[in-house]
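**Student:** All chains should be built: construct the whole structure from the sequences, respecting the hints.
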Amino acid sequence: MTKFEDEMLWNIKSDYVHRLAQQGLRVDERGQFDYRPIEIIPDYVTRPAGSAMVRMGNTTVIAGVTMDVGTPFPDTPDEGILITNAELVPLASPNFEPGPPDEDSIEFARVVDRGIREGQVIDLNKLSIEPGEKAWMVFIDLHVLDYDGNLFDAGALAAMTALNVAKVPKYEDEKIIREEVSMNMPIKRQVVETTFAKIDDFLVVDPVLDEEKSADARLTIATTDDGYICASQKGGPGPIKVDEIEQMIDLAFEKGDYLRKIMKDAIKK
Amino acid sequence: MTKFEDEMLWNIKSDYVHRLAQQGLRVDERGQFDYRPIEIIPDYVTRPAGSAMVRMGNTTVIAGVTMDVGTPFPDTPDEGILITNAELVPLASPNFEPGPPDEDSIEFARVVDRGIREGQVIDLNKLSIEPGEKAWMVFIDLHVLDYDGNLFDAGALAAMTALNVAKVPKYEDEKIIREEVSMNMPIKRQVVETTFAKIDDFLVVDPVLDEEKSADARLTIATTDDGYICASQKGGPGPIKVDEIEQMIDLAFEKGDYLRKIMKDAIKK
Amino acid sequence: MTKFEDEMLWNIKSDYVHRLAQQGLRVDERGQFDYRPIEIIPDYVTRPAGSAMVRMGNTTVIAGVTMDVGTPFPDTPDEGILITNAELVPLASPNFEPGPPDEDSIEFARVVDRGIREGQVIDLNKLSIEPGEKAWMVFIDLHVLDYDGNLFDAGALAAMTALNVAKVPKYEDEKIIREEVSMNMPIKRQVVETTFAKIDDFLVVDPVLDEEKSADARLTIATTDDGYICASQKGGPGPIKVDEIEQMIDLAFEKGDYLRKIMKDAIKK
Amino acid sequence: MGGHNPGIKLLDKDGKRIDGRGLYDLRPIKMEIGVLKKADGSAYLEWGGNKVMAAVYGPKPVMPRHLANPYKAVLMYRYNMAPFSVDDRKRPGPDRRSIEISKISRDALERIVMTEYFPNTMIEIFVEILQADAGTRCAALTAASLALADAGIPMRDLVAACAAGKIDGKVALDLKKEEDNYGESDMPLAISPRTGDILLFQMDGLLTKEEYLESLHLALEGAKKVSEMQKKALKDKYKIETLGGEDDKV
Amino acid sequence: MGGHNPGIKLLDKDGKRIDGRGLYDLRPIKMEIGVLKKADGSAYLEWGGNKVMAAVYGPKPVMPRHLANPYKAVLMYRYNMAPFSVDDRKRPGPDRRSIEISKISRDALERIVMTEYFPNTMIEIFVEILQADAGTRCAALTAASLALADAGIPMRDLVAACAAGKIDGKVALDLKKEEDNYGESDMPLAISPRTGDILLFQMDGLLTKEEYLESLHLALEGAKKVSEMQKKALKDKYKIETLGGEDDKV
Amino acid sequence: MGGHNPGIKLLDKDGKRIDGRGLYDLRPIKMEIGVLKKADGSAYLEWGGNKVMAAVYGPKPVMPRHLANPYKAVLMYRYNMAPFSVDDRKRPGPDRRSIEISKISRDALERIVMTEYFPNTMIEIFVEILQADAGTRCAALTAASLALADAGIPMRDLVAACAAGKIDGKVALDLKKEEDNYGESDMPLAISPRTGDILLFQMDGLLTKEEYLESLHLALEGAKKVSEMQKKALKDKYKIETLGGEDDKV
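Protein chains in written order, with this note's numbering: chain A, 1 to 269; chain B, 1 to 269; chain C, 1 to 269; chain D, 1 to 250; chain E, 1 to 250; chain F, 1 to 250.
These are calculated hints, taken from the structure and not from any lab test.
No more than 30 Å apart at the CA atoms, straight line, and that leaves these computed lysine-lysine pairs for DSS-like:
| no. | chain 1 | residue 1 | chain 2 | residue 2 |
| --- | --- | --- | --- | --- |
| 1 | A | K126 | A | K264 |
| 2 | A | K241 | D | K103 |
| 3 | F | K209 | F | K103 |
| 4 | A | K134 | C | K175 |
| 5 | F | K30 | B | K241 |
| 6 | E | K90 | A | K134 |
| 7 | A | K175 | C | K126 |
| 8 | B | K269 | D | K30 |
| 9 | D | K37 | D | K60 |
| 10 | D | K177 | A | K188 |
| 11 | A | K188 | E | K90 |
| 12 | D | K37 | B | K264 |
| 13 | C | K175 | A | K175 |
| 14 | D | K13 | D | K209 |
| 15 | E | K103 | E | K60 |
| 16 | C | K264 | C | K188 |
| 17 | B | K241 | F | K224 |
| 18 | E | K37 | A | K13 |
| 19 | A | K213 | D | K72 |
| 20 | A | K126 | B | K175 |
| 21 | C | K213 | F | K37 |
| 22 | F | K170 | B | K126 |
| 23 | D | K177 | A | K241 |
| 24 | B | K188 | B | K126 |
| 25 | F | K30 | F | K170 |
| 26 | F | K60 | C | K213 |
**Tutor:** Set out below in structure tokens:
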């Protein structure tokens, strides 16, 4: 398909999404505020300290949590370090290209990171090894395998699941002994993200790719299990209204509890 | 404007500059060896250890001097380190492009650096903290905001002004305390640069952009307040003659004293 | 020459190479398993710890061996480190381009590296300075000056010659004293590489560029002076057969001894 | 964000902030329009300790060409911090934070600029943070709007931005650096003042729903005040130029 | 390779390997075809501790265009390790090893894929190593072949790959991670099973001629076994789809 | 430059330099023309401890095409140091110094090469520093001129270069490495010998006006001597080829 044909096809799709929205309908016949079926596989890969695969409809994301030892930041000498990275590898979509992270993968990594960081998910003080000298570095790597929209919610869920099952290895004589466990990852809060798309004036949760690309605007709200909002991010060229934000907050808490329950069930198994 | 129109327009401008030069005239009706009006604002921004904005006609450059602590070079274990960097940010000209420094910004940074380094402006021995282990690093960052020719002179003037007003922060217990001052930047010499453009056989000082781009050659001469020449750089495809160099040296000392006086007055205020 | 003309010319050349091959002939009238004339100049440049220039017909490669001190790898705390790098600088061929190493120069460096590494040429234990803390790093830099095919054999020969004549400098008080020698490079084995090209079903040794580019497949076999094969690498889109590999092994040992003798003679002088 | 507050009090016993402001006060803002010679439009903004320069180039031919859009102008937005804009030298070049800010700022302007008037062209917006004191993305976007106006680019509205945060447990407008470092949340926001539409919106920190909505409304009010200042700055600039023109006639 | 064996025994007194295999046994292999939605073809492979995902896109327009070939499709192959695929985090992006593997893997497929059917297009093959346990380049190429078949790209044969090595002085098939780390050689190989042609071939380690040839024949046999599994996996997939089709008719 | 002289004497009591030269002596220079097979023109130069290889390709099609100039050939100049050319290994790839040298060297050749004869093409000049001993940019430019001549590119003159500096307080010609490291100034210069025009000119160090002019005249004289050697090298090369041609006729 040439670029021109691609664009033609896309305009037709977008028109269709908008026409449906005007009737309060979605392309996959889902309810307005329903998530697609979600499958969570904790410990999907076993090399890292923790991992999880999340399938949200046809969107598939793997999160791996790798532990390393580094120097703490000067302004937080007694805390571990959190680093989140995302790769939109070209395997996952005809529109992803090889190369260094572009603005989309950077935004994806940073929005997942902010939810976890601002929600104070990890007790970073427990990851100090020697104040000012050595601390655990927690790398969260998000790897997208199949991209059908709503990376933020799937990625945040995969990252949180991976953190929940992650083990901190032993550290002795200046060496990481990955075969032995010193403790579970110290988790203080359960954070998930809920993303809304606004198509004309129709708000939907968990947009598929066709909805995401047709949407006027997108809003992601991260909630905690103890009733806080810990991050938000608007995207897209269109506007959102104050009353729409108010509506989405309530829905975000409701959907957040739903996601947390699915995650808890998946981990228990 | 397309690239082609751009080039057409440019050829017309260049013809005009050359025709004027043949009559001993300049595009802005200045005298052959006159600088444009110069405005110097020391401490223009206050985050760095020292800073200055210089306006030379419509050319605007900010220099910031930032202090950090690093390891001295093995061959000068008891000296601080000087690093000069320039960014031709795309804000300043339709011809600057985002991206890593190109050959023009590298030459700019290196010519300003050489004047200051070879003129031994900074007493680098006084910037040693622990010989062989720790020394102050002096970063000079040149940021061009508006580009109408003769970056070298404006940049050198901004860098020198920023160095003259810069303070070295305190360093205690392996930490930089930026709020407290340990000493003024140790300055040994006042160096400025004077740039000539040669348009056909017409020599002018402080070329505006149209002159700079039309010029056959360019010569920059850095002078010190105690009568030395400490750097020179020819640019451009055209030739210069030995007797032209001799003439420009005398002018460079004269113009250098003029620039040093303006700088001194600006700092005193 | 335009890209199109270039490709036309190349097709004609390739046809010619294949027609000759069908008659058992080569473009330069060499015997099927003959190397081109080989010239080896040890210590060609004198700044590095060791160096050599190798001319194999019109292919010219310089290898430089530079010594530095670094931290040993955690899993081999009492061993030195070997790093091999190749640059196909644009001086050497109309088809080499400036820029970071491409897949061809990376393969070249890695195949030369593997012969030396897997053949255990250097006694890396003797290059330990302080176990776990400090060890010698051996950088082999391959610089191609003229490219007329078979870089692997010429590069391996240059690298081995450079290693054979390299001296390890003194290391005292945390400093490398390059003017003084602490020992010869500790060499355990003599490894060379022999490359075959397969043109249709015609196998030849040491292909010139026209043969290399026309070849269906390429096989490089690294042999040691004590009767081992220590590396192999197939390249090219065409297949090779098991019995062809068997034939090439015997030839690789024979040609390897020939190359080792030339190298030994060149070093003795 | 995140509670690394080493016992620093951000509000005094009278509820005043470290720079003497009340909870709902903006810092002093100064706007200058048309300050650069080479750019097609420009604006300089001082906002508390922030110093920001914005420039607009275009509409101009798209390079590389395959990015051109036959239906509208392509909008580029580049937010960049000068190496000397912060205490520790910032390495030159875009980092991940700058890339994200550039993306959402471009999104905010995408439907405000009448890009449909200039198919097959691009409009470039460059903002340099010369001195940073928290709230730089709001200052940058506010300056960018003025630079677009100065460049004569037709727009549906003049985008204004402001942030609200939480310090010592209270929601407050327009945090400065120390408040941002030791505060508990940050919510930058940009609006189309004519409609009240929210164009840029982010939040980080830990907030209850009530605090979240309070921040939202406070930031909205702040942005409206900023919008008034923008209008005044444009009017003053326009008046001066008109007067200048009349002087010529006299 | 290279003898950094700190006294670790890779064969027990009965000649069994650390995971209980005999010298000539493959690890368990599981193949799934058509597992991704967005790719034109895909395959997932578990091979011992390796987890590998392959996807194929194309034939599609060539970008950048000047790379297009008027006589055949351009083949792209990208082997990539996920950061979490190994114990120490791998820095994202291609390293020298990945670039070399991608090159020789593309070479191996170049004349198998009927590129002459699709002039002026490109066919992209992406393989992600999600979990690595030695032999990843063979697993990747084996998965890539299945993904090409799933994408309906016409091929002269279905490429299969396998490696042989030497552990504790004995030649053995299909080394796993510990055997690779402390073993004495590695010889990965890929074949066109119909002809027995060798398409990818590498060796490193110290081997006598006899050991070298023994490894070669062992790896060849291994690749043939892998080829049988590939055929079965395709047949099963095809059967299910055919049955599905018949169900619809009933 | 800059006085990091740890008590090292660069001149002995008889005024001789560390390699026995007088103040105004050049180091030994050896020139070979046409030494590479693949390049369109090439030259190898030994100048004291410097070993320099220059190659010229072109005129050839411009890539990328949008850089082409319809009025003249585009000139490219790439000065590059081999990693082993200096005592401490130089990281491969262009650094800031190399980029600056490449720029001013290209400028120096821009009007000497008759680029107007070859519109819409490019001429590439590559110089590799194989061994460095101070004065490499002058050696490189001198070699590049010979390579251009060898490539048959029409030129207005044959550019020659040389440097002068100051050691132990005296102006001296053609500094070598130790003199450059512990000396007080460096003034590289390139000329068009026919006209005496100065094409490349730099200085760093601390010099009075008198010392500056003395250096300038000394470097000029040096460049003229280098020019004579260039002419001789070309004549010898030409003579040999001509003789060869006559031999054929006999």
